[in-house]
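Asks: Top to bottom, those sequences are chains Z and D. Basically our numbering = 1-based index in the first sequence + 41. Basically our numbering = 1-based index in the second sequence + 7.
Be careful, since some hints might not be right.
Each computed EDC-like pair below joins lysine to aspartate or glutamate, with the alpha-carbon atoms no more than 20 angstroms apart [as the list claims (entries may be wrong)]:
(1) Z/Lys134 / Z/Glu207
(2) Z/Lys265 / Z/Glu229
(3) D/Lys202 / Z/Glu176
(4) Z/Lys347 / Z/Glu332
(5) D/Lys169 / Z/Asp233
(6) D/Lys36 / D/Glu70
(7) D/Lys123 / D/Asp223
(8) Z/Lys343 / D/Glu70
(9) Z/Lys265 / Z/Asp217
Because the hints were derived from the structure by calculation, they are not lab data.
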Amino acid sequence: MIRVVSPGLLTTIQDEGRYGFQAYGVPVAGAMDKYAYRVANMLAGNNPGAAVIEMTVAGAHLFFEADMFVAVCGADMHGKLNERPLTNWSCCKVSAGSELIFGYADSGCRTYLAIHGGIDVPVVLGSRSTYTRAEIGGVAGRALKSGDILQYGNDGCERPQEIALEAQFIPTYTSDILLRVILGPQAEYFTDSGIQTFFSNKYTVSLEADRMGYRLDGPPITHKKQADIISDALCCGAIQVPGHGSPIIMMTDTATTGGYAKIGTVIGPDIPALAQSRPGQQVNFQQCTSEICDSVLQEQCKVLQKVESFITNTFKAKTKNFIIKIDKKVYNVKVEEV
Amino acid sequence: MQQVRILQLGESALIVEFGNIISSEVNRKVHRLAAILQQQAPQSFVELVPTYRSLCIYFNPTETARADLEIIVQGILNSDTEYDCVDKTRRIVHIPVCYGGDFGPDLEFVANYNNKTVQEVIDIHTSQPYLIYMLGFTPGFPYLGGMADEIATPRLKIPRTKIPAGSVGIAGNQTGFYPIDSPGGWRLIGRTAVKAFNPTAVDPFLFAAGDYLQFDSINLAEYQQVEYQVAKGTFVPKVEVIDHRGEYL
Chain Z
42 MIRVVSPGLL TTIQDEGRYG FQAYGVPVAG AMDKYAYRVA NMLAGNNPGA AVIEMTVAGA
102 HLFFEADMFV AVCGADMHGK LNERPLTNWS CCKVSAGSEL IFGYADSGCR TYLAIHGGID
162 VPVVLGSRST YTRAEIGGVA GRALKSGDIL QYGNDGCERP QEIALEAQFI PTYTSDILLR
222 VILGPQAEYF TDSGIQTFFS NKYTVSLEAD RMGYRLDGPP ITHKKQADII SDALCCGAIQ
282 VPGHGSPIIM MTDTATTGGY AKIGTVIGPD IPALAQSRPG QQVNFQQCTS EICDSVLQEQ
342 CKVLQKVESF ITNTFKAKTK NFIIKIDKKV YNVKVEEV
Chain D
8 MQQVRILQLG ESALIVEFGN IISSEVNRKV HRLAAILQQQ APQSFVELVP TYRSLCIYFN
68 PTETARADLE IIVQGILNSD TEYDCVDKTR RIVHIPVCYG GDFGPDLEFV ANYNNKTVQE
128 VIDIHTSQPY LIYMLGFTPG FPYLGGMADE IATPRLKIPR TKIPAGSVGI AGNQTGFYPI
188 DSPGGWRLIG RTAVKAFNPT AVDPFLFAAG DYLQFDSINL AEYQQVEYQV AKGTFVPKVE
248 VIDHRGEYL
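Using the sequences and the accompanying hints, generate a full structural model.
Replies: Written out as structure tokens, the structure is:
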């Protein structure tokens, strides 16, 4: 059991997201940075869809009332476990009575804390993800607050061990990011020069940047005639451009439908970088095709497979198998470093 | 047949667009494609989102090739399947509404704006079922079509910051109601105690896109009765089922 002493700026329970109800107007929600989220669950020995704690810019202060393994990934919030620095992108054992205190992220925006077994909150419409606007998922449909008690669940699948991820798998959060974009579905609503403006200029993440969407400031993208369309579907990554010409990139809490022309969609594999960006940061857009995106997706799958085998191999290196004969009976004995 | 377009929405969704107008005929094509896909190729997509004039098909690009999905969609569009394999009925879900008073602070404005009496506005608003073109904005929020122009009223200039769940309103020639508390600029004419979105219920949504809503006028005592039943979980909405060739279509 974990007690929330103080929650930090915006701390919610998230998982892969809530699928199957967008036709009813229910957003997908889920972890904003799926890479950090997935790696955190791997390090904690969890099933891929386990619920974790997502912290934003300033982290939480937590008190552990039982022994457990925790993994922390994403922006480095300089977590301290009983006043000793905690390595980011690692899994470690936390003893009952420990305090884990996160500070501010000096780069990046979101940090994921996975507990072995996952966070056990009620499943609402197939997911534990918090969607605060409709008050569903997580703890009572809201961000965590002081005094909340979190239980761990049954989503553990591997025996967790203390392990730190290799540097090659750890992204750096730069102040300048490149987002690849597939044009459409309403690229025809924009002038050629508008599309050129969009791809050839830097845009700045504005203060209006949250789980629902990121509004960017920069040279206005010009429409041929109007910016309004008959509302149609919106997904995470879709770039709406209202009449003022500033792009809004929809994020995982996006409404399921929207009424502004969409110039294009940021490809899924590039969303984690955007999810880790903060107001004031620079964004460049680059045109991409779905064929290019397919190979990027394959690359991303390979990276996650490598992370998985790195974790498995590290465990193996800490394990030795012995065959022992006692009274003519053969025993297979596995000795693990703990 | 009007030119159907298949558009890209990122790497894991495509949009099949049937036109660029709001009409029940176009919307019916959207729902028809959704129903046939649901029946013939449920393994090829993750989820379907019908909107006014297009169907968004979400798929997993690591499992389904976009080109293959497009072939399936083209096959359905080219075939004359029409209604043959589609559910032939339509649902009309009745929503009991208490009009005016504290629940409908803008009812008199709507009446005055349109040179009608309050009762006339209520009679017109409840005179026919409205097609649910799509759900969006917030969970369970219905985008309805077909309200009479004679009670159309512009939105508030300054939106209210919090509109209570169940509020029934008019915005231009649109009508609808708010399933959850939300900000909004609609002219509020009444309220229903019925919950369109109840996440913990066995059936979390009262209606789906493609259904019809019929508003029925009730008095305050009846409203309180419905409110009580909703709280107890015993409320059963009145639902009529009509043939797809019925006069409402």
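Asks: Give a verdict on every hint.
Replies: Hints, one by one, checked against the model:
1. Z/Lys134 / Z/Glu207: holds, 19 angstroms
2. Z/Lys265 / Z/Glu229: The hint holds at about 8 angstroms.
3. D/Lys202 / Z/Glu176: holds, 14 angstroms
4. Z/Lys347 / Z/Glu332: violated, 23 angstroms
5. D/Lys169 / Z/Asp233: violated, 41 angstroms
6. D/Lys36 / D/Glu70: violated, 27 angstroms
7. D/Lys123 / D/Asp223: Holds, because 19 angstroms separates the two Cα atoms, which is no more than 20 angstroms.
8. Z/Lys343 / D/Glu70: holds, 15 angstroms
9. Z/Lys265 / Z/Asp217: violated, 30 angstroms
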